[in-house]
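Colleague: So the protein sequences, as listed, match chains A and B. Just add 67 to the spot in the first sequence (first one is 1) and you have my numbering. Just add 36 to the spot in the second sequence (first one is 1) and you have my numbering.
In short, the hints are calculated from the structure, not lab data. Even for Gly, the Cβ is constructed at its ideal location relative to N, Cα and C. Careful, some of the hints might be misleading.
[Said to hold, decoys possible] Only part of the chain B face toward chain A is listed, based on derived beta-carbon distances under 10 Å:
no.: 1; residue: Met89
no.: 2; residue: Ser92
no.: 3; residue: Gly130
no.: 4; residue: Ala134
no.: 5; residue: Val137
no.: 6; residue: Gly198
no.: 7; residue: Glu201
no.: 8; residue: Tyr204
no.: 9; residue: Ala235
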Amino acid sequence: MEESLIALETQKINAWFGKDQVLFEVSVRIPRQRVTAIMGPSGCGKTTFVRTLNGLHLMTPGARSSGTILLEGVDTSTMDVVDVRKHIGMVFQRPNPFPTMTVYENVLAGYRLTGQRLSREQADEIVEKTLTKVGLWGEVQEKLFKAGTSLSGGQQQRLCIARTIAMEPAVVLFDEPTSALDPKSTAIIEDLLSTLKADYTILFVTHGLQQAARISDYVAFFMMGELVEFGETKRVFVGPQDKRTEDYLSGKYG
Amino acid sequence: MTRRTFKNNVMGLLVAASAGLLIAVLAVILWHIFISGIRYLNWDFFTKAPAPMGESGGGVFNAIVGTFLITFVAAAIGTPFGIFAGIYVSEHRGQRFADIVRLCADALQGVPSIVIGIFGYTFLVVRFRSYSALSASIALAFMFVPTTARVTEEVLNLVPSGLKEAAYALGARPSSVVWNVSIKTAASGITSGLMTSMARVAGETAPLLFTAFGSRYIEWNMLRPMSALPLQIYIYASSPYPALQQQAWSAAFVLVLLILLLQYGAKHLIARVLRVKA
């Protein structure tokens, strides 16, 4: 793949929780404006891997990591962690809008929490634009000043996506964002990805094979903390090169 | 009846009786205070200072003013320290110094209030050569801080870690996460903790004996001796005059009412917090 098509690159990422090593020498090049599925059995290190990308794994006491992460060619360890997180947004497993904020305030939460002031017009524009992008504008237009937590689970998750992309990140990490949602809400969010990837580079953690096949352009298959295989989704699913990938695809491990 | 069902019934009865006793004790106390106290309540009681010695009538307005002033100033002094300490312990969970702070808060809660009173006397009253309401407030603040710190820590620990992670993932700095996410989410819990702490110190008598001392006059100056409801109750109840003893009951009624209102308010707020969570 050409250098200019790479948004994010990791070189030999290792991570530990206390004495347990959970990631081993993970090197991968994530293509720009594509959906890359991070796939693998439970406990294989998928979530830890994406959390090392924005430094969120360090929230766990005793966590540490080594290796290099290049965001658009720039080593993130030379950047302020706040800037890294502005460029690499994240959507979590469970919808987690701020319960003390309205729908409107939730969309702008990133600006508020980082102390960036917006004029009334700017704020209104960002809210309408981002909620439209996640397909929520029509549904919540009348509820903008109600609590974010008053929306349905699927709507809350889209609100969290809106909150993340309102900051205009380059990369968005999705950590199993549909695992707490019903099938219909899941489908809405999956559809959303195909439009979001026009603007953002997406990493999508999932343990569902079908989901990975449906949504992703590329897939990274993890096992026991190692990156086993990376490639175009079609190619990996049709002709896996590693025996372990093949076994996983044929249902040999959970 | 088999042996097993017999044992079961006996235990059931014991548990129910103990629970009933708890209610009965509170009911007897409240009823007695209500009956004895309400008889002598009148407008003068709430609005006038004690009548001069030998005259009848008068009220405890001086003590009501004192209780409010001393309690609110104690809360004003203690609130920031208590909340900051609570934030510290919650944010540094599992770290050695935080554990020590928590241990000290628990120990300070266990110090008998009479000891806090003597402490206030030695370090404030003696040093400034005067009994004063302010020294009473400071002594009560020593009791206010540990309870507030513990409650603050506990409600902050209840803030879902997912919310903090979401804030960090948006690029927020730790101080911003504490103020804009943790404190805001836990605000009503912290408020009810403050009210419970206030209710607790409002009824304290021992620290006031050595510090506020008491006064027969309506006093607004925190640097002078001041009365408070518990003090007034103590003085009136131990006096030989029936009229004063009756006023002690009425003052007790007012004090209990005040504390119950604070505690009811706190419970109400806690219930609201729990509803938000669910």
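Colleague: Does the closest beta carbon of chain A sit nearer than 10 Å to the beta carbon of valine 137 of chain B?
Modeller: Given a least distance of 18 Å, the restraint on valine 137 of chain B is violated.
Colleague: Tell me if glutamate 201 of chain B is really an interface residue toward chain A, meaning its C-beta lies closer than 10 Å to one of theirs.
Modeller: Holds, about 6 Å.
Colleague: Min Cβ distance, alanine 235 of chain B to chain A: is it shorter than 10 Å?
Modeller: 26 Å, violated
Colleague: Tell me if the interface restraint on alanine 134 of chain B is satisfied: Cβ within less than 10 Å of some Cβ in chain A.
Modeller: 12 Å, violated
Colleague: Hint serine 92 of chain B vs chain A: min CB-CB distance below 10 Å?
Modeller: 55 Å, violated
Colleague: Minimum Cβ distance from glycine 130 of chain B to chain A below 10 Å?
Modeller: At about 6 Å, which falls below the 10 Å cut-off, the nearest Cβ of chain A leaves the hint on glycine 130 of chain B intact, so it holds.
Colleague: Just to be careful: measuring from the Cβ of methionine 89 of chain B to every Cβ in chain A, is the smallest value less than 10 Å?
Modeller: With a minimum Cβ separation of about 56 Å from chain A (threshold 10 Å), the hint on methionine 89 of chain B is violated.
Colleague: Go through the hint on glycine 198 of chain B and say holds or violated, using the shortest Cβ distance to chain A against 10 Å.
Modeller: 4 Å, holds
Colleague: Is the hint on tyrosine 204 of chain B kept, meaning its closest Cβ partner in chain A is under 10 Å away?
Modeller: 6 Å, holds
Hint compliance for this structure: hints 1, 2, 4, 5, 9 are not met, and every other hint is.
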